[in-house]
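A.B. asks: Sequence:
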Amino acid sequence: MKFFALILLLVLQIQVAYAESLYIVGNKSSFKEPLKIDEIRSIYLLKLKNTKAGKKMLPINLPPNSNVRALFSQAVFHKQAMALADYWNRMAFRGINPPIIQSSEKSVLIFVNHVAGAIGYVTTKPKDDLVTVLLEIGINKDISKKSISQAEAAN
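Residue numbers (the numbering used here): 1 to 155.
Careful: at least some of the hints might be erroneous.
DSS-like mimics (lysine-lysine), calculated; alpha carbons at most 27 Å apart, straight line [claimed, not checked]: (1) 28 - 125; (2) 79 - 125; (3) 56 - 36; (4) 36 - 125; (5) 106 - 79; (6) 125 - 56; (7) 49 - 28; (8) 32 - 127; (9) 32 - 56; (10) 49 - 36; (11) 127 - 55; (12) 79 - 47; (13) 106 - 49; (14) 127 - 52; (15) 28 - 56; (16) 55 - 32; (17) 56 - 106; (18) 125 - 106; (19) 47 - 36.
I should point out that these hints are in silico values taken from the structure, not numbers from a laboratory.
Using the sequences provided together with the hints, build the complete structure.
C.D. replies: Encoded structure:
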């Protein structure tokens with residue numbers, strides 16, 4: 001059993017290692033226009049809280065040890081996911097909680113589809129129209145390798 005779990009983990013890491021893009025996805029009823037990378041950064045730092053239509057936004061993260069989250073943090077913030085811990089410690093002191101965490105990319109898509117204002121990220125372009133792709137971020141191989149090695153070191 002452990003052998004199969006190890007193989008599955010290896011396959012998932014290889015898939016993430018060769019991801020060419022991250023897709024920022026939003027709830028279809030809440031987001032009508034594409035977003036820019038600086039807007040994504042502001043949303044995930046909870047500095048930008050409402051859509052242009054005035055709807056409250058709800059950013060979704062993957063777990064801190066996720067390779068996809070490591071890619072996202074490097075691509076959007078140019079920092080390791082764990083480097084943002086200080087920021088969130090300061091925000092918690094002010095009574096502000098970090099983005100909600102979902103356990104997998106599939107759960108991110110389900111959550112974003114069902115919750116108004118939700119926004120998340122995945123490595124596979126959604127093939128259906130249940131969510132809106134707000135931005136595609138190309139991942140260069142240096143970011144991918146660096147982010148994955150940092151995520152593995154955190155485990």
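A.B. asks: Run every hint past the structure and note whether it holds.
C.D. replies: These are the hints, each one checked on the structure:
With a C-alpha separation of about 15 Å, the suggested pair residue 28 and residue 125 falls inside the 27 Å cut-off, and the hint holds. Proximity of residue 79 to residue 125 is assessed by CA-CA distance (about 24 Å); at most 27 Å being required, the pair is judged to hold. For the given pair, residue 56 sits about 18 Å from residue 36 by alpha-carbon distance, which is consistent with the 27 Å threshold. Taking the CA atoms of residue 36 and residue 125, the gap is near 17 Å; set against the 27 Å cutoff, the hint holds.
Proposed proximity of residue 106 and residue 79 is supported: the alpha carbons are some 25 Å apart, at most 27 Å. For the hint pairing residue 125 with residue 56, the CA-to-CA distance comes to about 24 Å; that is within 27 Å, so the pair holds. Among the hinted pairs, residue 49 with residue 28 is consistent with the structure: their alpha-carbon atoms are about 17 Å apart, no more than 27 Å. Of the pairs offered as hints, the one joining residue 32 and residue 127 holds, with about 18 Å between alpha carbons and a cut-off of 27 Å not exceeded.
For the hint pairing residue 32 with residue 56, the CA-to-CA distance comes to about 14 Å; that is within 27 Å, so the pair holds. For a cut-off of 27 Å, the pair hint linking residue 49 to residue 36 stands: about 15 Å separates their Cα positions. Between the alpha carbons of residue 127 and residue 55 the distance comes to roughly 25 Å, so the proposed pair stays at or under 27 Å and holds. For the hint linking residue 79 to residue 47, the alpha-carbon distance of about 18 Å falls within 27 Å, and the restraint holds.
Annotation: proposed proximity of residue 106 to residue 49 holds, straight-line Cα distance about 24 Å (limit 27 Å). The hinted pair formed by residue 127 and residue 52 meets the criterion: a straight-line CA distance of about 26 Å does not exceed 27 Å. Distance hint between residue 28 and residue 56 is fulfilled; the C-alpha atoms sit about 14 Å from each other, no more than 27 Å. Among the hinted pairs, residue 55 with residue 32 is consistent with the structure: their alpha-carbon atoms are about 12 Å apart, no more than 27 Å.
For a cut-off of 27 Å, the pair hint linking residue 56 to residue 106 stands: about 23 Å separates their Cα positions. A distance of roughly 12 Å separates the Cα atoms of residue 125 and residue 106; the hinted pair therefore holds under the 27 Å criterion. Between residue 47 and residue 36 the CA atoms are separated by roughly 14 Å; this keeps the pair inside 27 Å, and the hint holds.
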